[in-house]
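Trainee: Sequence lines, in order, name chains A and B. For the first sequence, the positions run 1 to 792 when the UniProt record's numbering is used. For the second sequence, the positions run 1 to 161 when the UniProt record's numbering is used.
Just so you know, these hints were derived from the structure itself, not from any lab. Hints may contain errors.
Label-pair restraints from in silico Cβ distances [unchecked claim]:
#1 A/P244 with B/E117: 53 to 63 Å
#2 B/E117 with A/G627: 32 to 42 Å
#3 B/G152 with A/D702: 26 to 36 Å
Here are some of the chain B residues that sit facing chain A, going by a computed Cβ distance under 7 Å [what the hints assert, rightly or not]:
#4 T34
#5 Q44
#6 M65
#7 M68
#8 E71
#9 I75
#10 H96
#11 Q99
#12 C100
#13 G101
#14 F102
#15 C103
#16 R127
#17 H128
#18 R136
#19 A159
Virtual Cβ for every residue (Gly too), placed ideally from N, Cα, C.
This is what each chain is made of:
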Amino acid sequence: MPKDTGIGASTKRREDVRFLTGRGVYTDDLSLFGQAHAVMVRSTVAHGRIVSIDTSAVESMPGVLAVFTGEDFKDVGGNPAGWLINSRDGTPMREPKRPVLAHGKVRHVGDAYAAVIAESYAQAKDAAQVLSDATVIEELPAIVDMKAAAADASNRVHDEIPDNICFDWGWIEDNRAAVDAAMKAAPHVITLELTNNRLVPNAMEPRASIGEYFPGTGDYKLTTTSQNPHLTRLLICAFVMGIPENKLQVVAPDVGGGFGSKIYHYGEEALVLAAAKRLGRPVRWTAERTESFLSDAHGRDHVTKIELGCTAQGDILAIRTETYANVGAYLSNFSTATPTFLHGTLMAGPYKVPHVYVNVKTVFTNTAPVDAYRGAGRPEATYSIERVVDKMCRELGLDPFEVRRRNLLTPDQFPYTTPVGLVYDTGNYQATLDKAVELADVAGFEARRAESAARGKLRGMGLSTWIEACGIAPSHLVGVLGARVGLYDAATVRVNATGTISVMTGAHSHGQGHETVFPQIVAEKLGIDASSVEIVHGDTAKIPFGMGSYGSRSLAVAGSAMDRAIDKIIAKGKKIAAHMLEAAEGDITFADGKFSVAGTDKAKTFGEIAFSAYVPHNYPLETLEPGLEETAFYDPANFTYPAGAYICEVEVDEGTGKVDVVAFTCADDFGNVMNPMIVEGQVHGGVGQGIGQAVLESTTYDDTGQLLTGSYMDYAMPRADDVPFYTVDHSCSTPCTHNPLGVKGCGEAGAIGSPPAVVNAVIDALQRGGHTHVKHIDMPVSPNRVWQAMNA
Amino acid sequence: MTKVTMTVNGKSVSAEAEGRTLLVDYLRGGLGLTGTHVGCDTSQCGACVVHVDGKAVKACTVFAMDVMGAEVRTIEGMANADGSLGLVQQAFQDHHGLQCGFCTPGMVMTTAALLAENPRPTEAQVRHGLEGNICRCTGYHNIVKAVLAASGQDADAIAAE
Chain A
1 MPKDTGIGAS TKRREDVRFL TGRGVYTDDL SLFGQAHAVM VRSTVAHGRI VSIDTSAVES
61 MPGVLAVFTG EDFKDVGGNP AGWLINSRDG TPMREPKRPV LAHGKVRHVG DAYAAVIAES
121 YAQAKDAAQV LSDATVIEEL PAIVDMKAAA ADASNRVHDE IPDNICFDWG WIEDNRAAVD
181 AAMKAAPHVI TLELTNNRLV PNAMEPRASI GEYFPGTGDY KLTTTSQNPH LTRLLICAFV
241 MGIPENKLQV VAPDVGGGFG SKIYHYGEEA LVLAAAKRLG RPVRWTAERT ESFLSDAHGR
301 DHVTKIELGC TAQGDILAIR TETYANVGAY LSNFSTATPT FLHGTLMAGP YKVPHVYVNV
361 KTVFTNTAPV DAYRGAGRPE ATYSIERVVD KMCRELGLDP FEVRRRNLLT PDQFPYTTPV
421 GLVYDTGNYQ ATLDKAVELA DVAGFEARRA ESAARGKLRG MGLSTWIEAC GIAPSHLVGV
481 LGARVGLYDA ATVRVNATGT ISVMTGAHSH GQGHETVFPQ IVAEKLGIDA SSVEIVHGDT
541 AKIPFGMGSY GSRSLAVAGS AMDRAIDKII AKGKKIAAHM LEAAEGDITF ADGKFSVAGT
601 DKAKTFGEIA FSAYVPHNYP LETLEPGLEE TAFYDPANFT YPAGAYICEV EVDEGTGKVD
661 VVAFTCADDF GNVMNPMIVE GQVHGGVGQG IGQAVLESTT YDDTGQLLTG SYMDYAMPRA
721 DDVPFYTVDH SCSTPCTHNP LGVKGCGEAG AIGSPPAVVN AVIDALQRGG HTHVKHIDMP
781 VSPNRVWQAM NA
Chain B
1 MTKVTMTVNG KSVSAEAEGR TLLVDYLRGG LGLTGTHVGC DTSQCGACVV HVDGKAVKAC
61 TVFAMDVMGA EVRTIEGMAN ADGSLGLVQQ AFQDHHGLQC GFCTPGMVMT TAALLAENPR
121 PTEAQVRHGL EGNICRCTGY HNIVKAVLAA SGQDADAIAA E
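In isolation and in its complexed conformation, chain B is listed as follows (with noise of 0.2 Å):
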């Protein structure tokens, strides 16, 4: 066991990790942060999704030893300062983009960063952008709303198209 330190959510933390334990693993066992869910084991459902010096990154393929020292963002730090909603968590809800939540988190984490590197996406961008990311419940048309919406566009008119 060492003792592994990073930054999360803006504050400074350290918990014990072997060689083996995963980001995802240490975040939710090691700190409590358990807003980022386990889906899959192998980079497919991107239930896990948090931010790494920015960039957004699979928790479960990741060792926290290799990320000692960085930045890392999770779900729970994506709230305004108030405690009120950011901007994506709100058009999620404002278009139903969850329905049992398990996803949810890696969805916002990975929305969060497309739209970080293309503000204002097309349709085809987002669906691209969000293949890494398996919703079960939603069939995907609310959360494709969502992320239009997060982007400052008129989600409606574009699923009307």
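Only chain A is shown next, with the shape it has when bound in the complex (with noise of 0.2 Å):
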């Protein structure tokens, strides 16, 4: 019988209630009293230089309250990288200033040059194209492609960085002889070149900001579509606009999606905060549709060679990539870090291969900012080989399961030290890959091919073992590799006098349903009722200085931090304890929610004992604080490890090169899993967004820097009638070894691990229905690159 409630039951989740009933409260939802309204005023062209901006022309307009232009923001600070990155030589990166708003050029199509506040939406938005008519740009050339624009050095997207390189990275560049080596003495050797294609994040809920200032106090507060609160804070306090981090609060309330471009600071963010203080009003904006595929931060956008050697058995020996990795137009928060530290470290996949080299250009172009977007870094890796490992089973026609078993690592390995400068803990890659091949019935596979091909469909199944890195991260391993921050997080567990519990998380849920999840844990572990525990998240005034949550580090390390903090709050209610029941504190023992002395019927409930700390009248005082309330800060000991095996069966149509996908099959190791409907509901939209990576979504840019994709009419997002029923299962448990509640993490997996084993269907199929000529298709494989490819 499942449990209904606790650490592993499927509980509903409670945030529901309110987002079904339109009683969410999203930063657009909210309305102040004397509110103004901020429209940006964006870049048509891709690169030019501003020649004038005539806000004359503006300012009597109706309602015109305020223009800002990048002169206002000049002698302020830039939004900076988050990761300081060494090129192989030893030199630093290139950092180009990003400020609030362009000034003296623009580098992207919807780089924000002005801002305009009027007292009506409708006013600003008017003023706002006015001001664009009214701005004389310069047009250059635009730098699009990388390798052009790393190549020729006589056009720059910022005119101080002369061949438009930001770093060129090798890990580990020790390794590179010995690596070079083992590939020339490699019986064979697969040499792939892939793109993996620039997506936009979308998540449904636009970015917003509105900013107020009080001038009684001096206090400035942010409301924000953010997945990290404390960390926007920083950001702007500590390096762009100056302000005394004590100074201002930032709010993110309910947040519709994030998937990694909510982690960023914004330049509308310090907008809204210098336009309330100029007014003296809250000032609000919200993007349309438009502006977020323009100005949110894009994901992957990585060209790789890989080359992989191995045995005529396909014992793989040595992998080495070269990639070039697009930054666009300024440095996002963590954009340095994503291709480096979060792809070469995990190019070694689930395998036990001696020797890796991996080489990444992270190159400027004049597209907009390319960052984190769900799995950042790892799907590209994961991609990249998976992809190679298919292509060197065909070319030496090989079985791709039998391949997979013969280069996995094996349990009795672990801890096992990759080449690539990660610790694996734990994991059983042949467990999940046998389940997936039960789940998927590949058995039955030849028969469904059958069915398929009399209804004229071709159909291919393809395999992708995965692994990532997240967790993230441990704070000394991230400071030696670049980082400007820590990656801990944080908990306040407060006891209320009644007896309720109040947790303050540094983690921010937008979507992965922490309101429910956590109370779960503290419930279980408290032998308390979950709905007496309420979860405070998303409000610098209200919780501890954490890190919010990205790279599926919510439980991971938020979650650790909680429980730790309620073992602290135990730890002091024993002392308490001893005290009431007059016993010894080591007599004490803590079950079901009673404070018992060992061997005995004398017991204290945990709300006699909350009340006590708080009308302490029978307490101990001379030696213990009354009160009850406990913070813990917890630092990763190391990433945590999630894998698995995912199987993807396509149907092609031969006559339109359309691809069906018709059956996903996932089993990961997620270590242990607090509540599994959850758990999978998370690998369900992983999966969602991998294939519509890998087979509708296309970031394009013409030559000329314009967003071709730049709305739902354009870009295909993945709808209900693209994607098929998953199969999904988390048995294969092996629980993490370093963090308290032996969990991995969730949020990434599917995204990692999907777009090859789809991909490698495509192929599979194609293959099998004679088009043997057929070894590779970029992503996404839209119908017109399909049918080019089978008759080509």
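Quick one: dock chain against chain with the hints and give me the complex.
Mentor: See the structure below:
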């Protein structure tokens, strides 16, 4: 009988009730007395020099209150890159200033160079159009293609960066010669050039920000669509605006999805704060969807050449890659970490491969900034590895399942130090592979293929065995790797006088269900009812300094902090109980919500202890402070390493090239699972996005840097009829060895493991269908591309 | 500005609107009914779906003035009279058919209209019927199950087929 409460129960989500009744409160839902509206004025060209902005053209328009340009922010700081990466020759990366509003030059279509504030949104929008028309920008040739940008020093995104290269990184440079030698000695070398397509994250809630300034105290308040309010505050205060951190409150209320795009600080947040101060009124801004397409940080956008050295039996001997990674026009906050330490360190995959070397060149272009998007670097690594392994199987005539089994690390090899700098703590990759084979009914594939063929469709099956590093991240390690922040998290557990509990967490929930899952853990540990536990998140004035939610870190890091804080509560409760029960502290045990004297029937309930802590009449005041509230900061000892095996089946229409994903099976190892319903939902969502990347989504700039896919009319989002029901399983669990909950993280898995399974299935379908010349098709495997490949 | 009057969730309401005021802005800004969301501005995502005279309509593509006098129903009007979740809402909670909640009001409104027209849809009909509503969180698996369950069918069995 499954549990219906506590750890491991599929407890229904309490937050659902407000979302289902229209009572969620997202940033744009707030209406403040006296509020004014900001509209950004954005560049319509990809690259240009700002000659003049005639603000007088709009200053007397109806309702206009203020106009801001880059000139207003030229003396404040820039929005920084969070990680400082060195090139392989030791030189530091180039970090151009990213201003609040573009100043001097515009560097991508959608680059905001001015903002108009007006009484109403319509008035601000009218004035923004007039200001756009009253601006003279001398257009320069656009730099769009990465390799051309790196090759042509005459045209520069940033005048001070001669070759448009941010850095040229080698991982691990000291291993390079050994890898080259191993590759040279390998009996077979399989080479694949591939593109990891640029994606727009597309959280359904567009970004929005509201700035307030309180002249009586000099305090600011920012309400914004953020995955990490403390990080946003830190960036605004320490780097951009120079506001003392204690004078800015950042609130991220209900947030409608993030997928990475709302980790980062954006210029609009600083703009609404500056405007609120100048006007003495709240100033609000909400993106239109096309603004989101133009100005949210995009994801992926790698061009990679991967080589794999192997034996005739498919034993992997060496992997070597050269990647060009687009960072766009400016460095977004995580943009330098994504293609390096979230990508290069994963390039051994789940395999016992002795030699790996990764080279990544990051390139500035006149396109929107590119940063972490669900998976962030790990999908790129997984796609490269799993595609080239699949190609190896085809070229050498090997069975893809058997080749995985030959190369997968075995359970006796953990902890395992990879040649790219990680230590995998635990796993059982054979178990997840076997489970996937069983659930996907691989044995029955041939019959299904014949049935598809009878309907005129080519059916194929694709496999991906994946691993990722998440639970981001151990501070000491990321510090060595160039991070400017630590990546611990924090929780405060406040037992209220009446015995109810408020948990203040540094994690931020924007779909993950923390308000339900975290109380399950607290309730189980304290032996109380989950309904008496409230989760408080998303407000820097209420929560301890935590780093927010991304990198599948909420449970593994913030959840571990919460677990530690509860341990402190129990420890203090034992002291109080010992006094009240006139027993030695060492004789007090805590179980099922009761502090008991071991071996007796003397006990105090959790509620009685809480009450005594706040009404300390019978209390050891000489040795113990009153109150029952504890904070813990948790810094993980290592990354966590979820892993699994995914099997995809597709049907390809030979006449049109259309790919239908008809079955998708996931067998994952997430360690211990707190709420299976939520974990499965996370996998469904990740796989949906992975199918989107593989089959549908393409972010396309033309040669002049115009974004051709700037709305849902042009950018193919996955819809309900583009995906099948998924089969997901997480029963093959090896608990994480280094965090107290034994959890690994499930938020990104689906998006990491699924794209290569889809593409491998498409190649399989075409090969089985007689199109044996088709070795690779870049994502998205659109009808046009597939048809062209078949008919080449 | 003109005073625009209509019936929303069974109550007669009126608020000032310009000729260019969209129904969604009238509901959100004029009436404070912020459960209806704006996700795309181009009638693609469906976060703004409401019912106008019983039909599902994307409120970002209709002028408030064009529906003067109409019967409008929004997500705020979908709960049972005692405040408990309505049938479709309950099915979405039971089947974890929502994550961030932003597309959810539109999904619920579209589902209610879909089931009014076709009380026992097939999986394919559900997927087709939700084509105008984008969700980025769920991969649709649990949304489709929720819709099937709301129609009285065994969603788990259909999903396992």
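Trainee: Taking the hints in turn, state whether each one holds.
Mentor: Structure-based check of each hint:
| no. | hint | in the structure |
| --- | --- | --- |
| 1 | A/P244 with B/E117: 53 to 63 Å | holds (58 Å) |
| 2 | B/E117 with A/G627: 32 to 42 Å | violated (59 Å) |
| 3 | B/G152 with A/D702: 26 to 36 Å | violated (50 Å) |
| 4 | T34 | holds (4 Å) |
| 5 | Q44 | holds (3 Å) |
| 6 | M65 | violated (15 Å) |
| 7 | M68 | violated (20 Å) |
| 8 | E71 | violated (18 Å) |
| 9 | I75 | holds (4 Å) |
| 10 | H96 | holds (5 Å) |
| 11 | Q99 | holds (4 Å) |
| 12 | C100 | holds (3 Å) |
| 13 | G101 | holds (3 Å) |
| 14 | F102 | holds (3 Å) |
| 15 | C103 | holds (5 Å) |
| 16 | R127 | holds (4 Å) |
| 17 | H128 | holds (6 Å) |
| 18 | R136 | holds (5 Å) |
| 19 | A159 | holds (4 Å) |
When the structure is compared with the earlier hints, violations turn up for hints 2, 3, 6, 7 and 8 and for no others.
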